[in-house]
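K.L.:
Listed below are the residues making up each chain.
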Amino acid sequence: MVSDFFYPNLGGVESHIFTLSQCLIKLGHKVLVITHSYGNRVGVRYMTNGLKVYYLPLKTMHDQVVLPTLFASLSIFRNIFIRECVEIVHGHSAFSTLAHEGILIARLLGLKAVFTDHSLNGFADVSAILTNKLLEITLSGINHCICVSHTGKENTVLRAKVPANYVSVIPNATDTTLFKPDVSKRDKNKITIVALSRLVYRKGIDLLASVIPIICKKYPKVHFLIGGDGPKRIVLEQVREKEALHERVSLLGALDQSEVHETLLQGHIFLNTSLTEAYCIAIVEAAACGLQVVSTKVGGIPEVLPPNMIRMAQPNVNAIVSALDDAIDSHLKGTCMSPSACHQFIHRTYNWLDIATRTQLVYDNVKKQPNSSVGKLLRRYRTCGPIAGPFFVLIFTICHILLQFFEWLYPRHLIDIAPDYNG
Amino acid sequence: MAEQNSILNQTWTKVLYQRSTYPDNYTDPKFLEEIKRNVHFKPVDSRTAVLKSTRISTQISVTVIFWAVFLQLKEGNGSWELTYGMFSCLIVAAYVVSFRFNNILPVLKNVLLFIAVGYGCTPVLKTLTDTISTDSIYAMSVVLMLVHIGFHQYGMGGACVSPYVSLNAAICGAICLASRLQETRHAFALLALAVQAFALFPELYEALNHTPIAFTILTAGAFVCMVSISTVSASLFLISIFCVNIIFPLCFVWAQQYKNNIYGPWDEAMVFNR
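Taken in order, these protein sequences are the chains called W and F.
Each residue of the first sequence is one higher than the one before, counting from 155 in my numbering.
Each residue of the second sequence is one higher than the one before, counting from 2 in my numbering.
Note that these hints are calculated values from the structure, not bench results.
Treat each hint with caution, since some may be false.
Subject to a maximum C-alpha distance of 30 Å in a straight line, what follows is the list of computed DSSO-like cross-link-like pairs (lysine-lysine) [claimed, not checked]:
(1) W:K287 - F:K31
(2) F:K75 - W:K451
(3) F:K53 - W:K287
(4) F:K15 - W:K315
(5) W:K451 - F:K37
(6) W:K334 - F:K15
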């Protein structure tokens, strides 16, 4: 697994990589993770069940991703792939330059490559055009691609011009042994609405700030629990001050992974106001804890939960308020699905072992694909565009020559094979 | 503990919570059904494009007339008074016609103030660029005038539209050129012309709703000026006006067929304030 985003960073992609690796180890595979160094955390570390993590000493630029030089990381990637007898390289997240580099170098070394795209991206602005072109380059040599939702698949196919049968849809999963409902933790005298996300524009915090005063005025028993931090926190604090809702709106700040579960247990309804979302893991976690879900109907969210577990609204204030009205009404009347039934459904549908098995199927298919020579690979890259194609073919030819040079300087048979933790 | 979802649908649905017998990389015929292309696109026809591009040509003509007056001033032949006089009268007449001053007094006061202060400051402005060589001055003025034309407000927003930059560049270019003139009154005349052409004229043009009449008068005037300087300059001017007015708009209209704005369920939602 190659990605910029891994522990000690905490987030969706990071926990996805970690949990998927653990499940694959349980299925009997050897998994290692390559990421960049985080402060003092450089070198090789071992995590649970012998998951080996390489923290590479590469320079990061803004947004916690490495500077994409390709040549700087060439020899270290080659060394790691040979030492660990890597067969398949799996890159995560289109925003991770390290994943792109890892995949490109792996293909030049003749290894198989898989890529998972976790997010949706637009087409209109300059940054989107450049990122999509880079993604197209990387994915033109890939063996297979995984997206987390059908909308994500459509988006990736359009952005990177990948043939649609090369893209599998395998959703994210959640640890249902951790996210269990506990009705005793809920306050019976109040209706608690929970909203947990980074407080940024993309997550629709402006919508949330407009909805809070309306709902608080309408239902005197409602109480809001808002977790997470970010630049839009000030907007929520302003609303709280203006409407004097200090007792009814609690801003919990940034939460640890362990505190997320505790906070979810206190809620009756989970509110998600994102403006765009490929696959919202937050609503799955909330549903696993037995909360009713109210969300904006954007991106891949309509595909995640069945209509009896989620109420969706168009991304405007009136629609969200009316959906919340429905949810509160249903809670008061007791017509909503019971927390244990919600939990059972999530446990059956989104469990990690199932996801890992489907990913294993992808790996099996990929292994069956024939090896392609470097020439054929370069011809595939050439088709990426009239300017980008030849330019990148030139860069990759230089990489290939450098790899041959390293083959002479540090021959393959002289590199020690690393011992297996479990073997 | 893995409980397999043993209920598999025979039909494929675009949901993640219900698996079907189809493999994960199955692509339904309804794939990309919700894509919409060019939703907000209003195509522009050739006639509109050519007509609207006269705005740019007018600005180019004004700049060329200004440059021609400078050249005539520099060479010292008497015809500059004629050109200058005609241009000023045109501007003043058009102003009076379009704005119909009720209160002529404050306007006259402003004009007198400008003449007094401007004439007083002109010697200072003239000596500003004494240490710079003439060739650099000419090169700088050309670049500044191009910046003026490039950044001018032609009725659309964009990254490179800034009326402030445009006006500043034009006045700066005018000062550069004025400093190369011999007599103070010539320099002041040029600066007054610069203010008329670059500061007052755009507003006037806006008030006249960008009539093609202004375009024809000014282009004809600029052409006549260029002819009096040399045939090369006149032909270059004609070629550039032809390109800007006819060739580029037609290229734009032709390129519209390649417009491919993609919209779909993956787009970030637009939040409108209630």
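K.L.:
Next, verify each hint and record whether it holds.
P.N.:
Results for each hint:
no. : hint           : in the structure
1   : W:K287 - F:K31 : holds, 26 Å
2   : F:K75 - W:K451 : violated, 70 Å
3   : F:K53 - W:K287 : violated, 35 Å
4   : F:K15 - W:K315 : holds, 21 Å
5   : W:K451 - F:K37 : holds, 18 Å
6   : W:K334 - F:K15 : holds, 28 Å
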